[in-house]
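Chain residues, written in single-letter form:
Number of protein chains: 2
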Amino acid sequence: MISIPFPFGLARVFAVCILFALGASAHAQTDPLPSWKDGPAKQAIVEFVQATTTQGNPNFVPPAERIATFDQDGTLWVSHPMYTQVMYCLERVPAVVKAKPELKNVEPFKTVLPGNREAMAKLSMKDLEKILAATLTGMSVETFNAEVRKWLETAKDPRWKRPYTELTYLPMQEVLKYLRANGYKTYIVTGGGQDFVRVYSEQTYGIPPEQVVGTAGGTKYGYGKDGKPFLTKEPRMLLNDDSAGKPEGIHLMIGRRPYAAFGNSTGDRQMLEYTKAGDGARLAMLVLHDDGKREYAYGPAQGLPDTKVGTYPQALYDQAKKQGWTVISMKNDWKRIFAFEQ
Amino acid sequence: MISIPFPFGLARVFAVCILFALGASAHAQTDPLPSWKDGPAKQAIVEFVQATTTQGNPNFVPPAERIATFDQDGTLWVSHPMYTQVMYCLERVPAVVKAKPELKNVEPFKTVLPGNREAMAKLSMKDLEKILAATLTGMSVETFNAEVRKWLETAKDPRWKRPYTELTYLPMQEVLKYLRANGYKTYIVTGGGQDFVRVYSEQTYGIPPEQVVGTAGGTKYGYGKDGKPFLTKEPRMLLNDDSAGKPEGIHLMIGRRPYAAFGNSTGDRQMLEYTKAGDGARLAMLVLHDDGKREYAYGPAQGLPDTKVGTYPQALYDQAKKQGWTVISMKNDWKRIFAFEQ
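Protein chains in written order, with the working numbering: chain A, 1 to 342; chain B, 1 to 342.
Hints are computed from structural coordinates only; laboratory data are not their basis. Don't take each hint at face value.
Copies of the same chain look alike in the list, so a pair counts if it works inside one copy or between any two.
[Unchecked claim] Derived DSS-like pairs (lysine-lysine); straight-line CA-CA distance at most 25 Å:
no. : residue 1 : residue 2
1   : LYS228    : LYS321
2   : LYS276    : LYS225
3   : LYS276    : LYS228
4   : LYS321    : LYS225
5   : LYS276    : LYS98
A quick note: this is a predicted structure, and the numbers were derived from the prediction, not measured.
This is chain A alone, in the form it adopts within the complex (with noise of 0.2 Å):
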């Protein structure tokens, strides 16, 4: 063996290092999102993240402040035609009333009961609310997690005749792991249940538990007949996290103002705005569900307010365009929508 000089070993060692680096760096500037053509929404998104993490950009954003938020229902996955949440509530109906036989005569729990899905879908708002209380609280927060998981395990959309887990939309999974890899702390800030989502969110998205913001019921401690603590889930609310709830929740849950911020509906407009308003350079995103045969084409552009599934009508679209905020079109921005499409 050939008795090298330890400082000229160190330099081969640094030089190698070098050469790890470089590669390092061209892998980071192969395309950090394929599933979006290029145009202005990628482009807006791709600029966002050079600006802020580039020492020396007046921009820039020290990592510990890069904080991005998603709405998740119509941003990250599908929610039409109903709220994933809404189909497990209603697809839990039948194990409430086994538990509690004296439902099964009572409404809705009655109209519910059979399956079916034309009836279900003509529910009023508290019938709905009925049925939300009995089948997201009284129980414990590990039942309930159980129970989820459990469900997902199985249910599937009925459109693509697959889990739910899997409807979410590729593009986005690319922004969510782009931003991550760029230091940014990504979260979901939902109308929907927050136990809820996060009984799937990291598995689902790489987001644990703890970055997911969503509307929140009270949890009550207590102790069981082992005499050990649980709590359980009660139905008293603690944060509508919807609306004006959004940056009221970020500010609870978080305590400080995004970078980024991506939503799809009239519930998402004041998380946008408030991300807009602060200081440098911040990404305000608004998905157009414009894709109707991919996907869904609803709100704006079919020229029809919906507000029922959580999108947008035209003056939040025109909002966007006055306020800068990019509006992602399904449609024309995205070359894949799931990553089970070929």
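Chain A is already provided as a structure; the job is to place chain B on it using the hints.
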């Protein structure tokens, strides 16, 4: 220059990498808790970390689930004879009265205004609440943060004549760092104001604002004269993060049961019980203020209940012994209490 075949150079790189790795490993074996005396408290911490972070150990915890929660007042820093946040509120009164001169002759502001600490100590809870509401709410979150930051720069503890943020316990700072170095996410779970603690948590404890859970009021979303949105702090309680409110707050803000929890008072009882009741290895620790010379002695150390200052009665000490929590004696377990001591 001698040409070296690439594989040989690469082997050398790996060899050096292994040396570096060994060096890192040797470094990790230096004492992570130098301000702790050898004894059951230090041993409990080290054994817990080794058990939960060693692959193959029956109590191994995946990194994503490693959550540790710390009470602040009396656990991470001095809270005797008065909570620092209460000092802030009392010392803000002159500025509040300057902005609203009509309060000058109104109680309790009239009593507090001359800065008489003895008179302040005698305020009723109702009077204190009026002062808290006047100094902690009614302004934008940005204004509040700026006011707290400014106060912290000049305010000093009357005994040590040092900024309050220097009165953190060095041994607990070491525990925070030791847990983080082992993949634990460290949280503050305080009965104090969430927004107050968030102002200095990152600089003082290395804990970012989003990892501070505390007593929290609501905020209200609105628009300034310039049309820009902002949040106003409201005198409306969302989370009373004390006693049963601590596990409830942990569920709301984190969504996972901690593996380790640290407290010092009756207000921490439920957090410690809840943590200890989880499966596998769980660490529950209770700081005992028994060092009248270097800090203060109160609570069971004096055989006196003293709930006013956030410590605990004999009953909690007894529960700790019974349920396998580890008591930390400041007098016997800590070599040094503050970083500024030599």
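Going through the hints against the structure:
1. LYS228 <-> LYS321: between (55 Å within a copy, 17 Å between copies)
2. LYS276 <-> LYS225: between (51 Å within a copy, 17 Å between copies)
3. LYS276 <-> LYS228: between (47 Å within a copy, 10 Å between copies)
4. LYS321 <-> LYS225: between (59 Å within a copy, 22 Å between copies)
5. LYS276 <-> LYS98: neither (49 Å within a copy, 34 Å between copies)
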